[in-house]
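Here are the chains, one letter per residue:
Number of protein chains: 2
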Amino acid sequence: MTTILDGKKLAKIINEETKNDVSQLTAAGIKPGIAVILVGDDEASQIYTRNKQRKAERLGMTSILKQFPASTEQQVIIDTVQSLNRDNTINAILVQSPLPAHISQSTVTEAIAPEKDVDGFHPINLGKLYANEPTHYPVACTPKGIMTMLDHYHIPIAGQRAVVVGRSILVGKPMAALLQNADATVTITNRQTQNLQSITKQADILVVATGTAHLITPEYVKPNSVIIDVGIEHDANGKLIGDVDFDRVADLTSAITPVPGGVGPMTIATLMQQTVELTKWSLENNG
Amino acid sequence: MTTILDGKKLAKIINEETKNDVSQLTAAGIKPGIAVILVGDDEASQIYTRNKQRKAERLGMTSILKQFPASTEQQVIIDTVQSLNRDNTINAILVQSPLPAHISQSTVTEAIAPEKDVDGFHPINLGKLYANEPTHYPVACTPKGIMTMLDHYHIPIAGQRAVVVGRSILVGKPMAALLQNADATVTITNRQTQNLQSITKQADILVVATGTAHLITPEYVKPNSVIIDVGIEHDANGKLIGDVDFDRVADLTSAITPVPGGVGPMTIATLMQQTVELTKWSLENNG
Numbered sequence: 006m007t008t009i010l011d012g013k014k015l016a017k018i019i020n021e022e023t024k025n026d027v028s029q030l031t032a033a034g035i036k037p038g039i040a041v042i043l044v045g046d047d048e049a050s051q052i053y054t055r056n057k058q059r060k061a062e063r064l065g066m067t068s069i070l071k072q073f074p075a076s077t078e079q080q081v082i083i084d085t086v087q088s089l090n091r092d093n094t095i096n097a098i099l100v101q102s103p104l105p106a107h108i109s110q111s112t113v114t115e116a117i118a119p120e121k122d123v124d125g126f127h128p129i130n131l132g133k134l135y136a137n138e139p140t141h142y143p144v145a146c147t148p149k150g151i152m153t154m155l156d157h158y159h160i161p162i163a164g165q166r167a168v169v170v171g172r173s174i175l176v177g178k179p180m181a182a183l184l185q186n187a188d189a190t191v192t193i194t195n196r197q198t199q200n201l202q203s204i205t206k207q208a209d210i211l212v213v214a215t216g217t218a219h220l221i222t223p224e225y226v227k228p229n230s231v232i233i234d235v236g237i238e239h240d241a242n243g244k245l246i247g248d249v250d251f252d253r254v255a256d257l258t259s260a261i262t263p264v265p266g267g268v269g270p271m272t273i274a275t276l277m278q279q280t281v282e283l284t285k286w287s288l289e290n291n292g
Numbered sequence: 006m007t008t009i010l011d012g013k014k015l016a017k018i019i020n021e022e023t024k025n026d027v028s029q030l031t032a033a034g035i036k037p038g039i040a041v042i043l044v045g046d047d048e049a050s051q052i053y054t055r056n057k058q059r060k061a062e063r064l065g066m067t068s069i070l071k072q073f074p075a076s077t078e079q080q081v082i083i084d085t086v087q088s089l090n091r092d093n094t095i096n097a098i099l100v101q102s103p104l105p106a107h108i109s110q111s112t113v114t115e116a117i118a119p120e121k122d123v124d125g126f127h128p129i130n131l132g133k134l135y136a137n138e139p140t141h142y143p144v145a146c147t148p149k150g151i152m153t154m155l156d157h158y159h160i161p162i163a164g165q166r167a168v169v170v171g172r173s174i175l176v177g178k179p180m181a182a183l184l185q186n187a188d189a190t191v192t193i194t195n196r197q198t199q200n201l202q203s204i205t206k207q208a209d210i211l212v213v214a215t216g217t218a219h220l221i222t223p224e225y226v227k228p229n230s231v232i233i234d235v236g237i238e239h240d241a242n243g244k245l246i247g248d249v250d251f252d253r254v255a256d257l258t259s260a261i262t263p264v265p266g267g268v269g270p271m272t273i274a275t276l277m278q279q280t281v282e283l284t285k286w287s288l289e290n291n292g
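Residue numbers (the working numbering), protein chains in the order written: chain A, 6 to 292; chain B, 6 to 292.
Okay, chain A solo, but in the shape it has when bound (with noise of 0.2 Å):
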C-alpha cells in the first residue's frame, strides 16, 4: 500500500494553526508582520510574491510589499533591508529570486538580519543548521515543509539511508543537513555524480530537486521507499510536471509526493508558520 503524502491538506491544517497563533498574538499586541521585496518584472516571482502576500493577508499578519524596477541599484536595496531589519512591525522578510545580474544576491542575503532571514539563506543560518546548533534559527521553507511532512506521516529518519539529489541552497543543502540532523546517513549527489541510478537505488527516503521532469523512473527506486519530489517543471501547457515519474513509480513506493500538491503548498504553509516562529523567538528574546 502505497500513502500518498498529502501536501495540500496537511498545509491546511498547518495554516489553520497559523492562524490561530497569530490572532493570539494580535489580541496581545503583537501582530506578526512579512516583507517582501521585489526587484524587476519577472513574471512568475509576482505571481509568486503575490500568493505569499495574499496568504499573509488571510492569516491575519501584516504584509507589505517593497516593489522596485530591474534597473535600482544595490544600495537601495540593501538600505530598504536595514531599515526592516530596524521595523519592529516586521519579523521576517523576503527578497524575491532572482535578482537582477547587477545585484549580488550573497551580499543583499547577508544585510538581513539572521533572526529575520525567513528564507533561511544567511550563511549564519545555514552554518548552525548544518552544525546542528541546539539554538532557535530560520530554516529554508521547502525542506522544513519536507520535514513537517515526514514527521506527520511518522516516516522513520534515524539509521534510514537519504540521498538527496541535488544541491541547491534552497533545497538540497538544507535538505540534507536536515536529514542528518535527524540522524539519516546522508548522500548528496550532483551533476557529476556517476551512475545516479545506483546511488537513489539504496535510498530509503529519496527526495529529488533537479529540475529535469520525470528524471526518476522505477530503475532509480528501492522497493517500498519514501518519495519526495520537489520537481517545478511546467509542461508546454503551463502544468506542474514533478521530477519523479509518479504514475511508474507510485506503486514500487511506500509513501510518495504528488505533484502538484505535495511540497508545493507545504512550502508558503512554512513560510507563514516560521514567520510567527520568529515573530515568538523576538519575544522571548526581547521580552
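Some clues are possibly wrong.
Computed from the model, here is a short list of chain A residues facing chain B with C-beta under 8 Å [as the list claims (entries may be wrong)]:
(1) A136
(2) I160
(3) A163
(4) T190
(5) S259
In case anyone wonders, no lab produced these hints; they're calculated from the structure.
Using N, Cα and C, we set each Cβ at its ideal position, and we do this for glycine too.
Given chain A, work out where chain B should sit, using these hints.
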C-alpha cells in the same frame, strides 16, 4: 602500488612557504599574529597549545597566549576575544577545546570576528563553506589540510564517491562540504548508520574521523581507493593509533595516510598557512 600520503613531508614544504610569506609580510611591516586562548589546565590542551605557539614563532609570526584558570567566568573569555578582535597585530584567534562546562563553546566561537576565526568554526564561516560561496572565508584546518594533500598527490575528486565517517564540526562536516564543493558525491555516516561496511566499500575516497582505533579493516575498503585516516586515539603506551588498520588495509588501497605522519602534521601546517591567508585578506579588505 600504494602511495603513502606523506603528511610530514608535505607539511615541511608548506611550512617553508609560510615562512617565506611571513618574512615578506614582515619586511612590508605586517607581521602575522596568532592568539591562542587556553582555559583550564587540561594537559593535552597545554601541549597542543605550546606546539602551536612554538611553530608560529619558528615561522616568524607573533604568537600570544591568553591563559586562564578553569574557574574563569565566560564573560572574561568573551571580553578577551573581543579585545583580540580589535587588536590589529592579531590576525588569527584560536580558542583551545575543550572549554570548562560552564562556558558555552558556541557563544565563545560566535564572539570571534569571522575574519579572524582561523579554526573555521564560526557558523557564518561554516555556512559560507556549505553554501560554497565564492568569497574568502577560513575553513577548519584538518579538512583543509586534507584537501591540500589530495591536491598535492593529484587525487581526482570530481565525480568520485566520497564517504566521510564521522560528523564532527572539527572534521567530518567541513570535510564533507569541501569534498562536495569539489564535485564529489558525498555520504556522511554517523553512529546510527546501518551496515557501515556496505557504505564505506563504495568509497573511492574514504575519510575516517571517529576516534575508534582500527575501525576500518579490509572488509570496509573498496580496492584501489584512497583512504584518509584522521585517527587520534592513543594506546596504553601513548602511541598514536589510526582509525584504519593500516597494516592490513594499506596494500588494498591506491593511496593512504599513515598514522602518525599523515593528517596530523598537515593540520598544524594548515593552521599556520591559514593565519598568513587571513593576514593577506585583511590587507586586501583594509586597503
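Cross-check of the supplied hints:
The restraint placing A136 (chain A) at the interface with chain B holds, with a minimum CB-CB distance near 5 Å, inside the 8 Å limit. Because the smallest distance between the Cβ of I160 (chain A) and any Cβ of chain B comes to about 15 Å, over 8 Å, the interface hint for this residue is violated. Below 8 Å, beta-carbon pairs count as interface contacts, and A163 (chain A) has one with chain B at about 5 Å; its hint therefore holds. About 4 Å separates the beta-carbon of T190 (chain A) from the nearest beta-carbon of chain B, less than 8 Å, and the hint is met.
Evaluation of the S259 (chain A) hint against chain B yields a violated restraint, the C-beta minimum of about 17 Å exceeding 8 Å.
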